[in-house]
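> Start from the sequences, fold in the hints, and give me the full structure.
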Amino acid sequence: QMSPRARGPAPSLWSFSFNCSSHTPTLKLLQVQPPSTFFNPPSLARWQGLYVGQLTLSSSARLDALAVNHYELQLQVTCGSDVTEGPLSVGVRRDPDHAQCTGRFVSPAGEVIQVPETVTPGARLYTLLPGLELQGAQVSITSAQDPPHFPGPFSINGQGWLQAPPQGLRGQAPKVSM
-14 QMSPRARGPA
-4 PSLWSFSFNC
6 SSHTPTLKLL
16 QVQPPSTFFN
26 PPSLARWQGL
36 YVGQLTLSSS
46 ARLDALAVNH
56 YELQLQVTCG
66 SDVTEGPLSV
76 GVRRDPDHAQ
86 CTGRFVSPAG
96 EVIQVPETVT
106 PGARLYTLLP
116 GLELQGAQVS
126 ITSAQDPPHF
136 PGPFSINGQG
146 WLQAPPQGLR
156 GQAPKVSM
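73 is the number that this note's numbering gives to position 88 of the sequence shown; each next residue is one higher, with no gaps.
Read the hints as simulated data drawn from the structure, not as lab findings.
We put the beta carbon where it would ideally sit given N, CA and C, even for glycine.
Honestly, I wouldn't trust all of these hints.
Now the in silico label distances, taken between C-beta atoms and shown as ranges [unchecked claim]: (1) Gln18 x Val100: 20 to 26 Å; (2) Asn4 x Gly76: 24 to 30 Å; (3) Thr103 x Pro26: 56 to 62 Å; (4) Trp146 x Pro20: 33 to 39 Å; (5) Ser43 x Asp67: 26 to 32 Å.
The following block contains the structure:
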């Protein structure tokens, strides 16, 4: 399994060599799952009596491990009447040196999470943006139910965790029907 950097295009993603003495071989990229245009058609060159196949990322490729962390490519090599197909797994992992924030929340109202009123004071309720601890990002929370209804503010720590108020939640706010 390959793990290209999540930063963007790399000159060469993967290469391999093979022998085809009787004919001029061909190399094709048959399929990419999930479908993507990030991968160029593979190239094929002759070098020291062998053929070298190479797969590269397109210049428009923007790999994002949070969106898609695995691609399955189906390749085909033809040498005369001999046809061989095989999969190539491409794993995409997050680059800890590259700051990348996700887009807006799914709904205009933001995310809705439900927690029991007996939640431990200061407990982690939700991870907002994985990886914030690596980038020192600043995030703020706006809540219509912050004081005077709650004893203390919700907080977000350096790891991107939304935490319950230090005094907890039990008996601190009026009930809201949803």
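> Each hint: holds or not?
Against the structure, the hints:
Distance hint for Gln18 and Val100: a CB-CB separation of about 37 Å, inconsistent with the stated range 20 to 26 Å. For the pair Asn4 and Gly76, the beta carbons lie near 29 Å from each other, so the given range of 24 to 30 Å is met. With their beta carbons about 58 Å apart, Thr103 and Pro26 fall inside the hinted range of 56 to 62 Å. The beta-carbon spacing between Trp146 and Pro20, approximately 35 Å, falls within the hinted interval of 33 to 39 Å.
In this structure the hint that Ser43 and Asp67 lie 26 to 32 Å apart at CB holds, the actual value being about 29 Å.
When held up to the earlier numbered hints, the structure conflicts with hint 1 and nothing else.
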